[in-house]
Structure formats: C-alpha cells, structure tokens
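Asks: Residue numbers (this note's numbering), protein chains in the order written: chain C, 15 to 365; chain B, 22 to 409.
Be aware that one or more of the hints could be misleading.
[Stated by the list, open to error] Here are the computed lysine-lysine pairs in the DSS-like style, where the Cα-Cα straight-line distance is at most 30 Å:
| # | chain 1 | residue 1 | chain 2 | residue 2 |
| --- | --- | --- | --- | --- |
| 1 | B | 127 | C | 278 |
| 2 | B | 211 | C | 273 |
| 3 | C | 239 | C | 213 |
| 4 | C | 213 | C | 167 |
| 5 | C | 273 | B | 247 |
[Claimed, not checked] Okay, the calculated bits of chain B under chain C, using three or more residues with CB under 8 Å as the criterion:
| # | stretch |
| --- | --- |
| 6 | 99-113 |
| 7 | 200-210 |
| 8 | 229-242 |
| 9 | 355-367 |
[Said to hold, decoys possible] Label-pair distances were calculated between CB atoms; the ranges are:
| # | chain 1 | residue 1 | chain 2 | residue 2 | range |
| --- | --- | --- | --- | --- | --- |
| 10 | B | 334 | C | 17 | 49 to 57 Å |
| 11 | C | 43 | B | 296 | 22 to 30 Å |
| 12 | B | 333 | C | 133 | 53 to 61 Å |
What the hints contain is simulated information worked out from the structure, not anything from laboratory work.
Using N, Cα and C, we set each Cβ at its ideal position, and we do this for glycine too.
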Amino acid sequence: MREVAIISYVQTPMRRDAGANNDVEMLMPTLQEALSNVGMTHKDIDFTCSGSCDYLGGAAFAFVSAVDALGAVPAIAESHVEMDAAWALYEAWLKIQCGKADTALVYGFGKSSHANLPNVLSLQMDPYSVQPLWPDSISMAALQARALLESGKCSERDMAEVVANSRRNAKSNPKAQLKGDFTVDQLLREPTFVSPLRKHDCCPITDGASVMILAVREKAEKFCKRPAFITGIDHRIDAHGLGLRDLTVSESTRIAGEKAGANKGPIDVAELYAPFSHQELILRDALGLDATKTKINPSGGALAGHVFMACGLDRIGAVATRIINGEANRGVAHATSGPCLQQNLVAVLEG
Amino acid sequence: MANACAVVGVGQSSRYRSKIKVSIAGLVREAAQEALKDAGCTWADIDAVVLGKAPDFFEGVLMPEVYLADALGCVGKPMLRVHTAGSVGGSTAIVAASCVQSGAFKRVLTVAFEKQSESNAMWALSSRQPFSPHLNAGAGGFFAPIIREYMRRSQAPVDIGCKVALKDRTHALRNPRAHMHEKAEDLDLKKYMDSFMLWEPLRFSEVCPSSDGACAMVLASEDLAKKSPNPPAWIHGVAMRSEPTMYPWREEVNPQGGIACAKDVYSQAGITNPRKEIDMAEVYVPFSWYEPMWLENLGFADVNEGWKLTEAGATFIDGGDIPWNCSGGVLSSNPIGASGMIRFAEAALQVRGMAGDHQVDGAKTALGHAYGGGSQFFSMWIVRSEKP
C-alpha cells in the first residue's frame with residue numbers, strides 16, 4: 015500500500031444558520047485556504063471527491079453546483095459520494111492506492127438550516143415498512159439511548175458527562191458552535207426533549223463546509239512539515255432494521271477499528287462522530303478506548319457542531335490537525351452514517 | 022501500478038420495464054444474484070459492495086445504501102455509495118474497480134438501480150436551486166437546444182435522429198431484457214418522423230423510456246478471475262472527468278470533458294484509432310442525436326461528420342464496422358441510475374462472448390460510456406477479452 019497523508023484541513027466556522035451564503039459560497043474561501051495553507055493551487059490536485067446530500071438543499075444534484083468552486087476548466091478527474099465526506103476521503107484513498115493520483119482534494123458541505131434534518135433523516139428508513147411512519151432521527155436515537163440505559167451499560171449521568179466534556183473541550187475550538195462550562199448536575203436539571211434525551215444530548219443543526227488535501231509521502235513531505243499519515247482505514251455497515259441488531263453495541267465500528275488497526279499502538283487522541291451523547295459511550299466501548307489514556311473529542315465532537323455530510327471528515331480533520339501541529343503522535347478518527355450508528359468508518363492517523 | 026481487475030459476473034433485471042412490481046430491495050437483489058451466479062460465487066465470497074444511483078429524489082429514499090445493506094448481503098462488510106448524476110452507473114463501476122485495482126479487496130459486488138415508477142424523475146430534475154436558472158423541463162428540455170445547435174453546425178439531414186432511434190430499437194428486439202420491444206411494423210422511418218414533437222427538435226420517438234431496473238457486476242482480482250467459471254472481461258482503462266455546467270465559451274455540443282476523458286481512457290488501453298481498434302461500444306445515448314454527437318466527441322468521426330456514420334449504417338450490428346448500443350441502448354431502456362452501469366456491463370458481456378442474440382461476432386475490445394449533468398460528467402472504460 016502507498017503511504018498517504020493528510021497535509022491540509024480547513025473547516026468553516028460552524029454556525030446555526032449561514033444565512034444567504036449558498037454551498038458554493040461556503041466552500042470557495044475554505045477551498046482556497048486549504049490550498050494556500052500548503053502553497054498549492056488547484057493545478058496540483060490529481061483527483062477530487064466530495065460528499066453532500068441533495069435532500070438538504072431540496073433539489074437534485076447539490077454537488078453539481080459545487081463543481082463551480084473547483085476551477086474545473088479544463089475538466090478534472092472528479093467523483094462524488096452521497097455519503098459523509100469521510101467516505102469521499104476513502105474513495106480518494108483508493109484512487110491514490112491504484113496509482114491513478116498522487117494528490118487528492120476531499121470536501122464535504124451541508125446546510126441543514128434549510129430543512130428539518132431529523133425529519134429528512136426519516137427518509138433513510140425502509141421505504142415500505144418504516145418510512146411511512148416518519149420516525150425522525152432523534153426519536154430513533156432516543157430508542158437506542160433507552161435500550162442502553164436499560165441494559166445498565168450507562169446512566170443519564172454518564173450521558174451528561176459526555177455533554178459537559180464536549181462543551182468544555184469546545185472552548186478551545188474557535189470553529190465550535192456550542193461551548194461553555196456546565197456541570198453534570200446542571201445538565202441533569204434540564205427537562206427531557208425526547209425521553210430519555212435532553213436537548214443537549216442531541217447534536218445541533220449546523221451549516222458549514224470542510225476541505226482536506228491528501229498526498230502520497232513524497233508529495234506530502236514537499237508541501238507539509240509534519241503530515242498526518244493514514245496508517246489504517248476501514249468501514250463497515252450493520253443491518254438496517256433497528257430490530258435486527260443490538261442497539262447497545264456497534265459491531266461495525268468494532269470490526270472497522272480492528273481492521274484499521276486502531277489498537278495496534280497507543281491512541282493519544284480519538285475523535286468520534288457521535289451525534290447523540292450516549293452514542294459516544296457505545297463508540298468508546300466498540301473501539302476499546304480508555305478515557306484516562308486517550309483524549310476523546312478534544313474538538314468538542316459532533317455535539318459542539320454537526321455539519322451533516324462533513325462531520326465525519328471533520329473528525330478525521332480534527333485528529334490530523336493535532337498531529338500536523340505536533341500535539342499528538344497517533345490518533346483514531348471515526349465517522350458514522352445511517353440511523354443509530356448503522357454504518358461506521360475508522361481511520362488511524364500517525365505523525 | 023494498478024493491479025489487474027476483471028468483470029467475472031454480470032446480472033441485470035430480467036426485463037427493464039416501466040413498473041417492476043417488487044420492492045427496491047428485490048430489484049437490486051435479482052440483479053446481484055444473477056451476477057453472483059455468473060461469477061460462480063456466493064454472497065459470502067464478496068469482500069465489499071459499491072452501490073450507485075442517480076438522485077435520491079427519484080425514489081424518495083435518502084441514502085438507500087443503508088436500507089439496502091441487508092438485501093445486498095453487506096452486513097459486516099464495507100458499503101460505498103456513489104452519485105455522479107447520469108454518469109453514476111459508470112462511475113460506480115470505476116469505483117468498484119478501484120477497490121480491486123488498489124489491492125484493498127479481492128472480489129467486490131457493484132450494483133446500480135433506478136425505480137422510476139416510484140416517483141417522477143421529471144419533477145425531481147426540475148426543482149429549483151437558489152440563484153440558478155429554473156428549468157422546468159427535465160433532461161430533454163435541457164438538451165434540446167444543444168441538439169438544435171449540433172444540427173445547425175453539422176447541417177445533418179433532419180431524419181438522422183429518428184434513424185438512430187430506429188437502429189437502437191431494432192437492436193433492442195435481440196435483447197430480451199430491453200424495455201422497448203416495438204412491433205416490426207412500427208419500426209418505420211415515416212412513423213418515427215410523424216411522432217409528436219416533445220422538445221423541439223426531439224420527437225417522442227427519439228427519447229428514452231422511463232424504466233425500472235438494476236444492473237450488477239462482480240469484479241475480481243487476477244488470481245480469482247483466472248479461476249472464474251465464465252470468461253472474464255479485463256479492464257484496460259478507466260477514466261472520469263467533470264466540468265462546470267456553465268462557463269463562458271463552454272463547448273456544450275462537443276464538451277471538452279468528454280474529449281479529455283476519452284483521450285485518457287484510450288491512452289491507458291493503447292488505443293490510437295478508436296473506430297478501428299474498438300470492436301463495439303455501448304454509449305450513453307438517451308436522446309437520439311447524441312449518437313452522432315458522441316461519435317465525434319469520442320473520436321470515431323471528425324467534427325460535424327458523426328451523422329454520416331449513422332446514416333451509412335456503420336453503427337448497426339449487421340454490417341456496421343463499429344456497432345453502437347447493440348443492447349438497444351438507453352433509447353430502449355433507461356433505469357437512470359443503472360443506465361451507465363448497463364453500458365459498462367454490456368461492453369463486458371460482448372468481450373466475454375456472452376451477449377446472446379445481440380453479440381458482435383468476435384468482439385475483443387469494447388468501450389463502455391456514460392455521461393450526466395449538463396453533458397459535464399463523464400465516465401468510460403475499455404474492456405478486452407485479453408488480460409492487460
């Protein structure tokens with residue numbers, strides 16, 4: 015396998031509503047910054063891949079207008095996944111492994127402020143037997159949280175601790191949307207929203223875009239002093255029906271972590287895409303993370319800002335940034351898709 | 022540097038139709054199971070699944086890959102979902118090939134589908150994007166003016182479009198899976214020319230149908246391909262190109278992206294004269310006039326001369342030197358998200374000698390082609406009976 019590294023990563027500030035800025039307008043300055051940070055131009059990019067969702071904009075082909083941001087004249091080698099951009103990174107990684115590219119630009123964007131994201135996500139369900147019931151993403155996550163609480167694997171206090179940590183960590187993340195000092199008792203005094211979830215147990219609605227640049231070792235070292243090498247990457251999917259799997263565990267995360275070699279060395283930092291507080295606990299367990307040895311979600315994670323379609327890439331970017339800055343040597347990043355953590359990707363990054 | 026990869030299994034809906042009365046899961050599963058059977062393997066032998074389809078709006082299912090994980094035997098395995106507009110079926114096959122060519126996997130299943138009967142593609146393509154021109158016209162309305170411009174430049178006779186459609190629908194009679202099986206007496210130039218005008222200059226007879234259907238392939242590494250029960254189709258080149266929908270001086274009739282994509286895929290396969298060196302091609306022609314336009318864009322004919330090949334019967338399976346769309350093409354079956362993969366899969370079937378009644382005798386090298394968006398996304402592959 016070729017050695018592939020992340021050399022640049024930029025995300026927009028995560029905001030509840032980006033106003034009149036459209037996808038391309040969020041993307042263009044971010045893209046320019048990601049390139050100029052490492053002294054590249056779009057001509058240095060061999061392959062481009064993105065992740066976005068038509069349903070957020072309410073129109074087919076959200077990714078088509080984004081091509082306008084790329085300087086794709088003359089035409090470029092480009093692809094798109096209707097998945098979180100973490101999987102766009104995976105496609106780009108495959109392309110580089112094939113020897114068909116030495117560098118790649120990966121981006122994801124989403125403006126969830128346009129729509130009602132929890133209801134949009136109900137369209138992910140089986141269109142014949144489940145979708146007609148309009149089960150929104152928060153209600154499905156609440157079912158999972160209830161199952162987890164009843165299994166005795168966690169308490170509401172554990173969930174509130176996840177939130178308190180996220181808000182506290184986010185204070186040092188200038189891009190974060192939600193941050194601050196909250197005590198667990200303070201959080202537990204809040205009313206439930208969709209029982210047993212309180213509002214703070216749920217990720218916020220966020221607008222934003224993120225861009226990442228990958229390169230093989232020779233190129234990476236030319237453009238970046240300390241690239242973050244992807245030493246393992248794998249993704250897996252679980253059964254779709256919520257009744258067909260044990261919602262208190264994430265088997266696909268466990269397999270992906272194992273295949274990516276997450277535990278083959280010390281983990282300084284882990285960024286987990288947990289849109290709901292209890293899911294962070296499930297993911298920690300699936301990856302065998304020890305919170306006393308590993309900094310978990312130092313960026314604040316998805317609870318501090320959740321750009322749907324980029325949040326997984328943002329987790330990888332957050333780990334990469336700490337490695338590039340010399341704050342960590344080895345880290346694990348995780349991305350998810352589907353209801354109740356159905357599909358999961360794990361990447362291992364090393365300096 | 023890429024590892025060798027071959028198509029060892031192909032599966033398709035038994036018949037592309039306007040209403041296939043099974044669930045989406047049933048639709049993809051039928052094609053996938055046929056591909057596995059062709060490849061002589063079972064679900065357990067598959068390392069990863071790559072799913073493709075055009076906008077989620079077409080069926081109203083957001084990210085259908087999560088719903089289809091079970092139907093595609095993917096639980097516990099990697100699942101990727103590609104979406105590159107109309108070219109998606111081709112792009113999906115290319116991403117699946119990269120799974121094997123990269124060395125990451127040994128055997129992957131790739132599937133593309135569309136169930137147009139569960140929604141309205143025309144509506145799905147017509148919703149408004151902020152700050153963009155509002156085209157309440159579907160795909161045909163978008164392409165009609167570009168076709169008009171081609172007719173002006175090339176001075177082609179006005180009946181060329183109908184001749185393309187007649188040729189493809191004649192081919193379709195040899196393909197039991199084709200959606201459109203017209204009666205022999207209806208395959209008549211006068212009837213085609215008298216068909217009502219849909220989007221000037223496109224007549225109803227010259228546009229693709231709305232189909233349901235799925236297509237699947239099993240792609241395998243060299244060692245596994247050599248052990249497969251049926252002949253493999255070896256991948257000799259893959260390429261994708263994208264350009265913006267609109268920019269000043271954009272060449273919309275003969276897009277630069279298509280020319281660049283063809284140049285790339287030909288150079289990988291060592292092809293310098295496509296008309297001579299390619300035995301047959303399955304090319305994405307959803308509106309009749311795109312055959313002469315793509316003949317030029319893909320280098321089979323000089324600019325403004327493509328229609329002469331069509332007129333001379335060069336693209337007809339009987340007697341043509343470069344048969345195009347022997348399966349009947351997109352003009353005879355159009356499950357949109359699958360249509361690109363059908364082109365890639367039919368090219369593979371031809372070089373495997375497994376295309377049945379629409380087999381081109383002795384086909385050794387074939388081109389699969391797909392395009393999408395406003396003629397701005399291209400994907401192509403070259404497959405051969407011989408290993409690279």
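Asks: All the hints need checking, so say for each whether the structure fits it.
Replies: Evaluation of the provided hints:
no.: 1; hint: 127/B x 278/C; verdict: holds, 24 Å
no.: 2; hint: 211/B x 273/C; verdict: violated, 63 Å
no.: 3; hint: 239/C x 213/C; verdict: violated, 42 Å
no.: 4; hint: 213/C x 167/C; verdict: holds, 21 Å
no.: 5; hint: 273/C x 247/B; verdict: holds, 28 Å
no.: 6; hint: 99-113; verdict: holds (count 9)
no.: 7; hint: 200-210; verdict: violated (count 0)
no.: 8; hint: 229-242; verdict: violated (count 0)
no.: 9; hint: 355-367; verdict: violated (count 0)
no.: 10; hint: 334/B x 17/C: 49 to 57 Å; verdict: holds, 54 Å
no.: 11; hint: 43/C x 296/B: 22 to 30 Å; verdict: violated, 47 Å
no.: 12; hint: 333/B x 133/C: 53 to 61 Å; verdict: holds, 56 Å
Violated hints for the displayed structure, listed by number in ascending order: 2, 3, 7, 8, 9, 11.
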